[in-house]
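Asker: Listed here are the chains, written in short residue letters.
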Amino acid sequence: MAPRLETSAAEDFLRLHTRTFLVTLRPDGAPACHPMVGLWRDGALWLNTYRKSAKVRNLTAEPRVACVVVTDDDEPRFRGVVLRGRAEVVPVEAAPAGRPAPSAARPPGVGADVTQRVRARLAEGKRVLVRIVPETVRLVGEHG
Amino acid sequence: MARQRVHMSAEGVAAFLAAKRRAIVGTRAPDGGPDGEPAALACAGGEVRFSVPRDGPTARNLRHDPRLVVSVEEFPSYAGIKGVAVHGRAVAVGDDGERTSFRVAAPRIESFDFAKMPR
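Respectively, the protein sequence lines represent chains A and B.
For the first sequence, position 113 matches number 113 in my numbering, and the numbering has no gaps at all.
Add 1000 to the 1-based position in the second sequence for my numbering, that's all there is to it.
Source of the hints: derived by calculation from the structure; they are not laboratory data.
Any given hint could be a false lead.
Said to hold, decoys possible - For each label pair, taking beta carbons as the anchor points, the in silico distance ranges come out as:
(1) B:A1115 / A:F78: 21 to 27 Å
(2) A:L16 / B:P1107: 31 to 37 Å
(3) B:G1097 / A:R117: 48 to 54 Å
(4) A:D42 / B:A1079: 28 to 34 Å
As the list claims (entries may be wrong) - Partial selection, computed: residues in chain B whose CB lies under 7 Å from chain A:
(5) G1026
(6) T1027
(7) G1033
(8) S1071
(9) E1073
Ideal placement from N, C-alpha and C gives every residue a C-beta, glycine not left out.
Using the sequences plus the hints, can you model the full thing?
Answerer: Next comes the structure, spelled out in structure tokens:
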């Protein structure tokens, strides 16, 4: 079970922002960072990416990850949330039921054609869902 | 992704970084797991520099393990996605009592520009 977030401010922020930097560890222990789209659902952050990507390789070998979810760089009150926790690759069917699957949500600037392609790649198994359940959460930047 | 086909030129990377004031810095914490934090970025003359709160997690982590990645991206639209990741080792270059500044030594650069993706 996901722990309760320390502050409701973090959860409120995560519901409204998708700009996510996933930090993984490479086999040599050095950090790598992957800009992604992250969706907060049911106490976890959900990502989707190619099964054969370096990030999936990294987080399969070392499931500890960090995610930095932030506003746009030019937002006057630049702020974000840092989650640290464990990542797992999960079947598409495990997406939270009864509400839009993470693959169905569309971040700003992404057309329906891209969303449809992503859903098709998920269905054929070329892309996978990654669920990150946070163990620690901290706020960064100018939160009210 | 066939990254070699979508990477930026060295000049493109330098111009992209020079225009950015924020980055996400990825580090490894003393507990062994990865960590990350936004940083103030200042790149010029081919050098990548950033600052973070001196008592924050990034400065603490880098004292323990100087390996890092500095990640910068923009996402105005899907076809407009661009990003640069600078891997290297942090060297502290200044401290004003509140923030510590670092430069990235032995930088290794990865970049992507979705506008170059075959469609």
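Asker: Each hint needs a verdict: does it hold in this structure or not?
Answerer: Against the structure, the hints come out as follows:
| no. | hint | verdict |
| --- | --- | --- |
| 1 | B:A1115 / A:F78: 21 to 27 Å | 26 Å, holds |
| 2 | A:L16 / B:P1107: 31 to 37 Å | 34 Å, holds |
| 3 | B:G1097 / A:R117: 48 to 54 Å | 50 Å, holds |
| 4 | A:D42 / B:A1079: 28 to 34 Å | 31 Å, holds |
| 5 | G1026 | 4 Å, holds |
| 6 | T1027 | 6 Å, holds |
| 7 | G1033 | 4 Å, holds |
| 8 | S1071 | 4 Å, holds |
| 9 | E1073 | 4 Å, holds |
In the structure shown, no violation is registered for any of the earlier numbered hints.
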